[in-house]
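J.: These protein sequence lines are chains F and Y, in that order.
Position 169 of the first sequence, counted from 1, bears residue number 168 in numbering that gives the first Met the number 0, the numbering being contiguous throughout.
Position 113 of the second sequence, counted from 1, bears residue number 112 in numbering that gives the first Met the number 0, the numbering being contiguous throughout.
Treat the hints with care, as some may be off.
Same chains, same label: a pair holds when it works inside one copy or across any pair of copies.
Straight line, CA to CA, 16 Å or less: simulated EDC-like cross-link-like pairs of lysine to aspartate or glutamate [unchecked claim]:
1. 182 <-> 89
2. 141 <-> 164
3. 161 <-> 128
4. 182 <-> 88
5. 141 <-> 155
Everything labelled a hint here was simulated from the structure, so no lab data went into it.
Nothing here was measured: the structure is a model prediction, and the numbers come from that model.
Number of protein chains: 2
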Amino acid sequence: MSSLLVTGSIGIDTVESPAGKVEDALGGSSVYFAYAASFFTPVRLVGVVGDDCPEAFLAPLAENERIDLAGLEVRPGSKTFRWHGRYHEDVNERDTVAVELNVLAEVGPKIPDAFLDSEYVFLANTHPDLQMELLGQLGKPKLVVADTMDLWIRTEREKLAKLMERIDGLVLNDSEARMLTGKPNVIDAGHRIAQLVRRFVVVKKGEHGGVLFMDGKAYPLPGYPAALVVDPTGAGDTFAGAMMGCLAAGDAADAAALRRAIAYGTITASIELEDFSLKALQATTREAIDDRLAEFRGIVSF
Amino acid sequence: MSSLLVTGSIGIDTVESPAGKVEDALGGSSVYFAYAASFFTPVRLVGVVGDDCPEAFLAPLAENERIDLAGLEVRPGSKTFRWHGRYHEDVNERDTVAVELNVLAEVGPKIPDAFLDSEYVFLANTHPDLQMELLGQLGKPKLVVADTMDLWIRTEREKLAKLMERIDGLVLNDSEARMLTGKPNVIDAGHRIAQLVRRFVVVKKGEHGGVLFMDGKAYPLPGYPAALVVDPTGAGDTFAGAMMGCLAAGDAADAAALRRAIAYGTITASIELEDFSLKALQATTREAIDDRLAEFRGIVSF
């Protein structure tokens, strides 16, 4: 079992979906990632909140013995990142009602000395400069994977390209893969992006699953057939957390290990979206995840 | 091995895609279906063309010993169905430049006496009244599967509902499944439609593969990761043809047989879209299909 570190956002989320609404709920990429990863391996979280964030708010993280919060900075005088989203009747569509970057617009966090030897590293989506700076703080990780978003593809293409040369794997969604390459065919786009990073790309397609691109090959996996989606917020970070947790736990990232890890990511995300915020992850177990993985393997085989 | 019959259109297609253009090429649902099915089992084709259709035009069908054209009617004084489509740079998008129903707007074909004992039947997309009328001509088939389209869902909902009560399986695409049920979640929609037919539904999702709904369960399969799509015309009918051919060849339609047949459908369609009209199907072999199926099984497993 190898050490796993995640850097990313911690947020106060308000989410409206056809299934209901939650206000001021715990969210953010590193939060979903760490909680999902913790089913597989201990995980080190690096992120910043403001002093407006009540202690009880972070309880789901603090109470999870597998999440090390030594890299959680509570910054005096700053305000925590806030996001308010509204999903449509078709939950594949959403509007951002409001977003306050707050502390995310300030200087990034410092990775604690005790975390500098981390072997598996996930740089959740943020400005590529900050991702590069965080990577620079670390020693010699075995595997570095990053997420990105359309905003940086549009506005920071060169910096993103430089980051990509330094990372082993990139996780992004299908529209981002098309945008990054200008290629409308997602498979074509994925193969091209795989040439720009050290080892592999995972293109996420939401309800349609995802595709791993590695060594000139494409490995597709469908989505888990979920008839009810309460809140898709965090599904991508949950996917990445379970995937990286699975890789770190097995200390391997060859194609076979990645495919198994991606299946775990798909399944853990399919559980996460069954309720708001972290509720469904808090209510599940590793055994329930394993059971659904076995079911998934059964229904996908032919 | 059981007998397989298809009723559907035969068309003169003009297709423009980013990869080029073909004019006055052989197309139509029953044509793609029959050619794909012929890799698995003999197939009986029922359809009508006008007397404007040169004999050489139908050569790919006539030269295929596994396609029985006894149900092909050449109607004097009528004109053959014509379709002209233009695919976008993203070939998932297309415009219909022109369509002439011609003989398809006239009275439907008569199924020859020698075909009335057909055991496996596919009613390709057409007006549900005509699908019902064709079904009424037949004896007691073992398995009847139909395709439909958004037009009939919008304009002939009641007739389509009556047809659905009479058929074992329905094949439709994801946007049609959503339209038919008013449910934005495709999995939810698929489960509901499965209640309206006798046995099963296959929801096709183009590049994202498809999902089988049967006995309250959903079986997803991803698309084959095709980096180059020359012409998607006929991919859905090729999928259905290979699927039905596979079922008829094995004379079974339980969940395991359907899942294998759907995988063959996916693979055969992935070959078909590599060239215009029937070219890629004409250039391939059952061995090449089996090889790609084995490769597909390998890349999907985890």
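J.: Hints broken by the structure, by number, lowest first?
T.: Hint check: 5 fails alone, others pass.
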